Structures are given as structure tokens and as C-alpha cells.
Amino acid sequence: MKHDYIDRYSKLESPVHSLDPRAKAIALFALIVICVTTPPRAWWAFCVYAGVVLIIAAASRVPVSYLLSRVLVVLPFILMVAVFIPFMHKGGTSYDLGPFAVSSEGLLVLWNVAIKSTISVSCLILLSSTTPFPDLMHGLERLHVPSFFTTVAAFMYRYIFVIVDEAQRMKRACESRNFRGRWIWQARTVGYMVASLFLRSHDRAERVYQAMCARGFDGTFPLQRESSMRAADYVFMSVVVLIVLTGRLAVLWK
Amino acid sequence: MEVIGLDTREAIRIESLSYHYHDGTPALEDVNLTVRRGESIAVMGPNGAGKSTMALHLNGILSGEGRVEIMGLEVCGKNLSEIRSMVGLVFQDPDDQLFCPTVREDVSFGPRNQKLTQELVDQAVSRALTWVGMEGSEDRSPHHMSFGEKKRISLATVLSMDPEILVLDEPATNLDPKGRRELIELVRGFEVTKVIISHDTGMTRELCDRLIIIDDGRIVADGHTDELLSDSRLLELHGLL
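These protein sequence lines map, in sequence, to chains A and B. Taking our numbering, the leading residue of the first sequence gets 1, the next gets one more, and so forth. Taking our numbering, the leading residue of the second sequence gets 1001, the next gets one more, and so forth.
What the hints contain is simulated information worked out from the structure, not anything from laboratory work. These figures come from a predicted structure and were not determined experimentally. For glycine and all other residues, C-beta sits at the position ideal for the given N, C-alpha and C. There may be inaccurate statements among the hints.
Facing chain B, a subset of chain A residues (Cβ under 10 Å, in silico) [unchecked claim]: (1) F161; (2) I184; (3) A187; (4) V190; (5) M212; (6) C213; (7) A214; (8) D218; (9) F221.
Which bits of chain A does chain B cover? Going by a derived footprint, with three or more residues having C-beta under 8 Å, they are [claimed, not checked]: (10) 133-142; (11) 198-209; (12) 239-251.
Starting from the given sequences, assemble the full structure and let the hints guide the process.
Take a look at the structure:
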């Protein structure tokens, strides 16, 4: 079975793709941290952040439609909560909308959540679609992110498709026996499917671990080859951080 | 004196090995087996007879009562890393065997656990991949490969450790005829001691002179492959026909 995977465009060739994963991770995480700590009324600062994101996106040659579709997958979850805030929150001028009243303070909260989450999510999507996932994990490891996290993520990347395949096979086998899973009384069957998927995954985890032990695994992951950052990586990192910091600090002085 | 001379020629020695599952169900009962170096033996038996359980004892993943020796070395805690370098165990499902995001990492996992230097690890990886005819696939990820390719890479992950004994659990299952043929030729080319668990009588005949049949946790037959496979009464009795 074929799948869409999260680092689909990560093997393109572009100036952004050829950067060291560490440089990209540090620059984009810095952008995220600086962005979320910016006061919501600092409109210009957000323009600077968005501009940086757009420039990196353009340089990466990843199709815009793909980036947008990815952003749109994540955002609704955040906005679903935030969209009610202007109606509940009191404070500032309030605008009358027939049966509802919208407060300006509440609108500011909505803007704050919307712009910060859009920029943060875009950064993460740019990072994951310009860096092959394994390289990203090794990069993070070298940045001393605890190997527990990178290992769990690497296993997830490897096995999510195996589990999806297994679920699909199970679903097809059920459907072949005329099961549609549409009605509430069929929930029991779906429950059984989820349970058996869980048990199978648990058994698989056991077998994977045995296979690892059979090749001499003793609980610590052997280190990968080292690679060093080049001048271009340092330049990218410092330019991004400097521009973003300038945007942030300009607001403070005003 | 002759005993000492004989000992060094043994690849595997299993003495009165018994193993029980957590719930007390016996999986292996009083198994005795000696395999000489360079020998290729096939292991057959009905589902749940204990074939895989026995294989997992060969490198100490499981340990029951009794004694297992590999190349004259007892399988026990302090020898485990040495034993696991000598016994290359290939699991039935390549998705269990291949857990890394890239082929290179998977094939180098064993050598890196052996604490080899980077240079030796790289050599071991390219040698193993060439051996199984998958050179140049270092940067591909296993989950986008065909089943036959995954099987080859699984083999490479243990070949890279330079094992003395190769233990293959159902190597040809689910392969298409061409893939099966290629795998047989591949395995035939490895000049190490081989233990092959399989239901595939054709492959067994081609690769192994000696056959043991396990049923209900016991070795019920041990002899020449052609002889045992032509004994239809024996095969029928143990659910192999």
C-alpha cells in the first residue's frame, strides 16, 4: 500500500534542503520562541516573522499548495477553540452583532492565537518538509535532545505505516463480510478491532525488541557518524535569528 | 582426548532443553541436538510445535532449563554479546527485523553494537548489501520496499555481523516463486552453519542434507532429509502432509 508521508518533499534539492538539520532546527525553534513571546499588538514584528517564513518557503521550492494544505490540517484544531473567545471574553470596546456582542479584547486574543499558531506551525512544517526525518532526528540528538524522545519519534516514523496497513487489512476483512461500521450497535466491533490492533502492535513491539537483542542491542543506541556544520549553516542560523530578534526588539523600544 | 577434538567441531549443542511459557504450558521438552560446523539443517514441524522457540534459545533471547552451547561457548549472561555476534537470527516478518528509518542504519545496527570503528562498520554494511544484491540502497527506507527486498535487507542486517551460524525462520514464506528461487540461491552461497526453519519441502531438499522434525516441543525425528521426507507415514503423523 502507498502512503503519504510527513517528509514527502524532504528529498528535493534547494538551498534550504542542503542546510544542516541542526541549523534549521535552531533557527526555526528560535523563530517560534521569539514569535510566541511577542505582545499581540506588535503588528510589525509579526510581519517580519511571516516574511522570514515566506522567504524560507520560497527558497525551499516545496510546492505552496502542499505547505498550505499541511498548515490547514493543523490550524482548525487550534482555531476551533479560539474562535469562541471574542464572544465570551469581556473588556475593551464591544461591538454589537445582533444577538451577540463581540469584545475588542477578545478579538485581540483571537488574533494573538491565530497568528502565533500559524507562524509556529508553518515553521515546523517547513522544517519537516525540507529535512528527511531520520536526519532531523539525528540532528536533534546531536543537539542533546534526550534520545528517549528522538527514539520514540523514529520508531513512530518507521511503524506508523505498518500499523495503518494492519488496520486497513483488518477493515477490508470486516467489510468483505458485509460490515460497514456505520451504526452505533456496531461500535462493539470497532472496539474489538482497535483492541486487537493494540494487542498486535504490542506483540510486534516484543518481536522487534527480540530482533534488536539478537543483533547485540544492550539498551543504548550506538552513535551515528558525526558531521560538522559548514559556514552556510552558521550564516543561515545567525541571519534568521538576527532578523527575527531585530523585529522583536524594535517593538520593545517603541 | 577424542572428546576434546570433537567438541571444537560442534557449532551447536543443546542438552535436555525445556522451556515453559509464562502460564506453564510447555513449549519445549527435553530437546537434545548437536549440529556440526558447516552443516545445514532444516527444522520442520506443525504450527506451534516449538520451532521458533528453539531458535530463540540459540542466542539467548529465551532461556529455559538445560544447556545450550554455541561454538563451545555456553549461552549465558556473560557470553551473550559474543554469542549474538556468532548467531545471526533472521526473523520471519521483515517488519520486525527492520526497525530503522533507513537501510544503512538497519544494516549497521549489529556492527555498531559490536563497537566496530566507523570505517569497519561502513565496510561491513557495503559488503553485506552487495552480498544480498542490494548495493546502493543504503539511503532508502525499508517501509517503501517490496517484500522480497525487505527479506534481502533482513538477511543483510545479520550478515553484516559476520555470523558463524545463520538461523532463518521461514525465509521463503510469502515470497513469489522468483523471489523464493533467488533467496534459495543466495542462502546456498553462504558457507556457514545454517539452521533453516521452514514448511517448504522443496527448499529444504535443496539446502539441507539433514532434517529434524519437532512436534509438541520434542524432537521426533532426526535424519537424512530425503529419507525423512519420503516417509509419508511419519510426515502425516506430525501434520506435515
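Status of each hint after checking the structure:
Against a cut-off of 10 Å between C-beta atoms, the interface hint on F161 of chain A holds, since the closest Cβ of chain B lies about 5 Å away. Annotation: interface hint on I184 of chain A violated; nearest CB of chain B at approximately 35 Å, more than 10 Å. Interface restraint check for A187 of chain A: the shortest CB-CB distance to chain B comes to about 30 Å, outside 10 Å, so the restraint is violated. Among the interface hints, the one on V190 of chain A is violated; its C-beta lies about 24 Å from the nearest C-beta in chain B, farther than the 10 Å criterion.
Checking M212 of chain A against chain B: minimum C-beta separation of about 7 Å stays under 10 Å; hint holds. With a least beta-carbon distance of about 6 Å to chain B, the hint placing C213 of chain A at the interface is held under the 10 Å criterion. Proximity of A214 of chain A to chain B holds as hinted, the smallest CB-CB distance being about 4 Å (cut-off 10 Å). Satisfaction of the interface hint for D218 of chain A is found here, the shortest Cβ-Cβ separation to chain B being roughly 7 Å, below the 10 Å cut-off.
Satisfaction of the interface hint for F221 of chain A is found here, the shortest Cβ-Cβ separation to chain B being roughly 8 Å, below the 10 Å cut-off. With 3 residues bearing a CB less than 8 Å from a CB of chain B, the segment 133-142 of chain A meets the requirement of three and the coverage assertion stands. Remark: the segment 198-209 of chain A is confirmed as covered by chain B, as 3 of its residues place a Cβ nearer than 8 Å to a Cβ of that chain, reaching the required three. Only residues whose C-beta sits within less than 8 Å of a C-beta in chain B count toward coverage, and the segment 239-251 of chain A has 0 of them, not enough to reach three; the restraint is violated.
The structure shown violates the earlier hints numbered 2, 3, 4, 12.
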